[in-house]
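J.: So you can see what is in the structure, the chains are spelled out below.
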Amino acid sequence: GQSLEQPSEVTAVEGAIVQINCTYQTSGFYGLSWYQQHDGGAPTFLSYNALDGLEETGRFSSFLSRSDSYGYLLLQELQMKDSASYFCAVAHTGGFKTIFGAGTRLFVKA
Amino acid sequence: NAGVTQTPKFRVLKTGQSMTLLCAQDMNHEYMYWYRQDPGMGLRLIHYSVGEGTTAKGEVPDGYNVSRLKKQNFLLGLESAAPSQTSVYFCASSYSKLDRGQLEKLFFGSGTQLSVL
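For the record, the sequence lines run as chains A and B. This note's numbering applies: residue 1 is where the first sequence begins, and numbers increase by one. This note's numbering applies: residue 111 is where the second sequence begins, and numbers increase by one.
Check before you lean on any hint, since a few could be wrong.
Calculated pairs, PhoX-like style, for lysine-lysine (alpha carbon to alpha carbon, straight line, at most 20 Å) [stated by the list, open to error]:
id, chain 1, residue 1, chain 2, residue 2
1, B, Lys215, A, Lys97
2, B, Lys167, A, Lys97
3, B, Lys181, B, Lys167
Calculated from the model, a selection of chain A residues having no Cβ within reach of chain B, i.e. all distances over 12 Å [what the hints assert, rightly or not]:
id, residue
4, Glu14
5, Val18
6, Tyr35
7, Gly41
8, Glu56
9, Gly58
10, Leu78
11, Asp82
The hints are simulated quantities; they were obtained by calculation from the structure and are not laboratory data. For glycine and all other residues, C-beta sits at the position ideal for the given N, C-alpha and C.
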């Protein structure tokens, strides 16, 4: 089968750094993506890792290790507006369908 | 630049009624998807399409049908609605498969809140 595991909730303080982990089990995929979703809104694309290593986009960084079936999203200099749900996702090589994890709810406190 | 547009935004159905959700994208994307989102369960793929005239089943296809008669439109149908189909439905699209790096970047519509009583 195929599945992605994420923590259900993470709480952090404004200005801090937080890491959201994603472990997966899948037979084959092109890469690992991350999406952000605010309450009542649509998911929006944050980052994508096709290769192992770290990808940086402003305050957000994402990491992938295919050998460990593991990835993470790193958010730096947390702001209150970062309070949202974050989803990891993989696009499978068989059929090009994109499957999402259950999501991690991030609470940023003042 | 509209992106991905879903209609309607809200709908209430009675058990057994049918309806069609419409998704339209103006980005010339090859791939289109229908997801449902329930509390605590993330986004689950219902059906998807890799091009005009093609459709395929996702993780939770039962009770739904889809059609992709035109490249820009992807329709999701419920033939006989059930309370278990109460959910928020999202349509998404992504770039051509020719560029693997862009394949996984999905663009989402604003969602449809469906309640089945």
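J.: Looking back at the numbered hints, which does the structure fail to meet, lowest number first?
T.: 6, 7
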